[in-house]
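Taken in order, these protein sequences are the chains called A and B. Just add 45 to the spot in the first sequence (first one is 1) and you have the working numbering. Just add 45 to the spot in the second sequence (first one is 1) and you have the working numbering.
Some hints here could point you the wrong way.
For chains that are exact copies, the list does not tell them apart, and a pair is met inside one copy or across any two.
[What the hints assert, rightly or not] With a straight-line cut-off of 30 Å between C-alpha atoms, the simulated DSSO-like cross-links for lysine-lysine are:
(1) Lys-190 - Lys-98
(2) Lys-172 - Lys-129
(3) Lys-89 - Lys-119
(4) Lys-119 - Lys-172
(5) Lys-70 - Lys-186
(6) Lys-197 - Lys-89
(7) Lys-197 - Lys-98
(8) Lys-133 - Lys-172
(9) Lys-133 - Lys-190
(10) Lys-129 - Lys-197
(11) Lys-172 - Lys-186
(12) Lys-186 - Lys-119
(13) Lys-98 - Lys-129
(14) Lys-197 - Lys-133
(15) Lys-186 - Lys-98
(16) Lys-133 - Lys-89
(17) Lys-70 - Lys-119
(18) Lys-190 - Lys-70
(19) Lys-129 - Lys-70
(20) Lys-197 - Lys-70
By construction, these hints were calculated from the structure, which means they are not laboratory data.
Protein chains: 2
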Amino acid sequence: MTRGPAKQFDPAEAVDQAMNVFWAKGYVGAGLNELLDAMGISRKSLYDTYGSKRGLFLQALDHYVEEFVGRVIKTLESDGSPLKNVRKAFEQLDAPRNKSFSNGCLIGVTMGQFRSDEPEIAEAIRKHLQAIEDAYYRTLKRALKAGELNPKANPRDLARMLTATSQGLTMRRRIDENPAKSRSIIRATMALLDALGPSPSS
Amino acid sequence: MTRGPAKQFDPAEAVDQAMNVFWAKGYVGAGLNELLDAMGISRKSLYDTYGSKRGLFLQALDHYVEEFVGRVIKTLESDGSPLKNVRKAFEQLDAPRNKSFSNGCLIGVTMGQFRSDEPEIAEAIRKHLQAIEDAYYRTLKRALKAGELNPKANPRDLARMLTATSQGLTMRRRIDENPAKSRSIIRATMALLDALGPSPSS
Numbered sequence: 046m047t048r049g050p051a052k053q054f055d056p057a058e059a060v061d062q063a064m065n066v067f068w069a070k071g072y073v074g075a076g077l078n079e080l081l082d083a084m085g086i087s088r089k090s091l092y093d094t095y096g097s098k099r100g101l102f103l104q105a106l107d108h109y110v111e112e113f114v115g116r117v118i119k120t121l122e123s124d125g126s127p128l129k130n131v132r133k134a135f136e137q138l139d140a141p142r143n144k145s146f147s148n149g150c151l152i153g154v155t156m157g158q159f160r161s162d163e164p165e166i167a168e169a170i171r172k173h174l175q176a177i178e179d180a181y182y183r184t185l186k187r188a189l190k191a192g193e194l195n196p197k198a199n200p201r202d203l204a205r206m207l208t209a210t211s212q213g214l215t216m217r218r219r220i221d222e223n224p225a226k227s228r229s230i231i232r233a234t235m236a237l238l239d240a241l242g243p244s245p246s247s
Numbered sequence: 046m047t048r049g050p051a052k053q054f055d056p057a058e059a060v061d062q063a064m065n066v067f068w069a070k071g072y073v074g075a076g077l078n079e080l081l082d083a084m085g086i087s088r089k090s091l092y093d094t095y096g097s098k099r100g101l102f103l104q105a106l107d108h109y110v111e112e113f114v115g116r117v118i119k120t121l122e123s124d125g126s127p128l129k130n131v132r133k134a135f136e137q138l139d140a141p142r143n144k145s146f147s148n149g150c151l152i153g154v155t156m157g158q159f160r161s162d163e164p165e166i167a168e169a170i171r172k173h174l175q176a177i178e179d180a181y182y183r184t185l186k187r188a189l190k191a192g193e194l195n196p197k198a199n200p201r202d203l204a205r206m207l208t209a210t211s212q213g214l215t216m217r218r219r220i221d222e223n224p225a226k227s228r229s230i231i232r233a234t235m236a237l238l239d240a241l242g243p244s245p246s247s
């Protein structure tokens, strides 16, 4: 049952490897042996370090958000036209991250496997979605200030919509490698935001 | 190992029960015993009738699309203002279907559990997403004809965006029972479509 003496390992590097397994398969689909193989650690090390598969998952989810969601938020908050940053963020979300298969978004994958009857995980997902919404909100507020959006636009509503649309965008890439659909989605989203602008006929 | 002689059962009714389990838990999370209990049949009956858990799932997915996606498509295609039908369809997607937990959309749940390296399931999901996109497309074409949308609007792009946004909308309800976010998403989507209309300043 044991796998020999526990090896020294880098817990952060191991969480990164676990994140890739969870991202591809989801929490439920990620087998313990598959996780251990990817992390290169023993079952005992996993339980000693992370407490449980669920404890490991929550750390992997936080790591995903810091790493990948953080990158998108950085794009939204960079200099230049706020609306162009929204487009860049969507394009970044849409870019495949490995040569074989798109994994979509770990937040979306997790929503597909849990419901609010799993309060700890649902709460973590709500927190991460809120951070994404808030980043869109701040960007849209700057777009309003820069005169890129119609003063009548509701930036909170729009931020929530962009959060939903970007989830739908990234998740469909898991089952559709063809980028034509997602390019359409990005074009339509930007056309709608532009139409809200102060000069819709320009 | 056997569960006694196979009982008579209604395969369509049993698929409906299986659909509810898959909808709540996803394919991977739905245990065989949980499926058998919900369906009230023996393991042997399941394999004799549906071939495999996967065969049962594909039938349950088809049943879900006929029943629930079909209802949304019917709303989109009903008489009256096409854009109002889009709003009604979004509201219908957002309405909780049981008193305990929102299950989101079985298509979204499935995208969270499979990728394009499972070609049979990915193909089924792409087909169903295409049917939803086509229904939005026909509705937007009618909106154009009725003068509800700006003639410069691209109905195919918008249909793909509405498909993505509605996926994001329904999936977040799995982990967030509070309807405030989804109402925001619907308001923003309709405000954007209205802004594209021939009289954006009205």
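Here is how each hint holds up against the structure:
| no. | hint | result |
| --- | --- | --- |
| 1 | Lys-190 - Lys-98 | neither (46 Å within a copy, 55 Å between copies) |
| 2 | Lys-172 - Lys-129 | within (26 Å within a copy, 32 Å between copies) |
| 3 | Lys-89 - Lys-119 | neither (37 Å within a copy, 54 Å between copies) |
| 4 | Lys-119 - Lys-172 | within (18 Å within a copy, 35 Å between copies) |
| 5 | Lys-70 - Lys-186 | neither (37 Å within a copy, 38 Å between copies) |
| 6 | Lys-197 - Lys-89 | neither (58 Å within a copy, 62 Å between copies) |
| 7 | Lys-197 - Lys-98 | neither (47 Å within a copy, 52 Å between copies) |
| 8 | Lys-133 - Lys-172 | both (23 Å within a copy, 29 Å between copies) |
| 9 | Lys-133 - Lys-190 | within (19 Å within a copy, 33 Å between copies) |
| 10 | Lys-129 - Lys-197 | both (20 Å within a copy, 21 Å between copies) |
| 11 | Lys-172 - Lys-186 | within (21 Å within a copy, 38 Å between copies) |
| 12 | Lys-186 - Lys-119 | within (16 Å within a copy, 38 Å between copies) |
| 13 | Lys-98 - Lys-129 | neither (40 Å within a copy, 46 Å between copies) |
| 14 | Lys-197 - Lys-133 | both (24 Å within a copy, 23 Å between copies) |
| 15 | Lys-186 - Lys-98 | neither (40 Å within a copy, 49 Å between copies) |
| 16 | Lys-133 - Lys-89 | neither (43 Å within a copy, 53 Å between copies) |
| 17 | Lys-70 - Lys-119 | within (27 Å within a copy, 34 Å between copies) |
| 18 | Lys-190 - Lys-70 | neither (42 Å within a copy, 44 Å between copies) |
| 19 | Lys-129 - Lys-70 | neither (33 Å within a copy, 38 Å between copies) |
| 20 | Lys-197 - Lys-70 | neither (42 Å within a copy, 41 Å between copies) |
Hint violations for this structure: numbers 1, 3, 5, 6, 7, 13, 15, 16, 18, 19, 20, all remaining hints satisfied.
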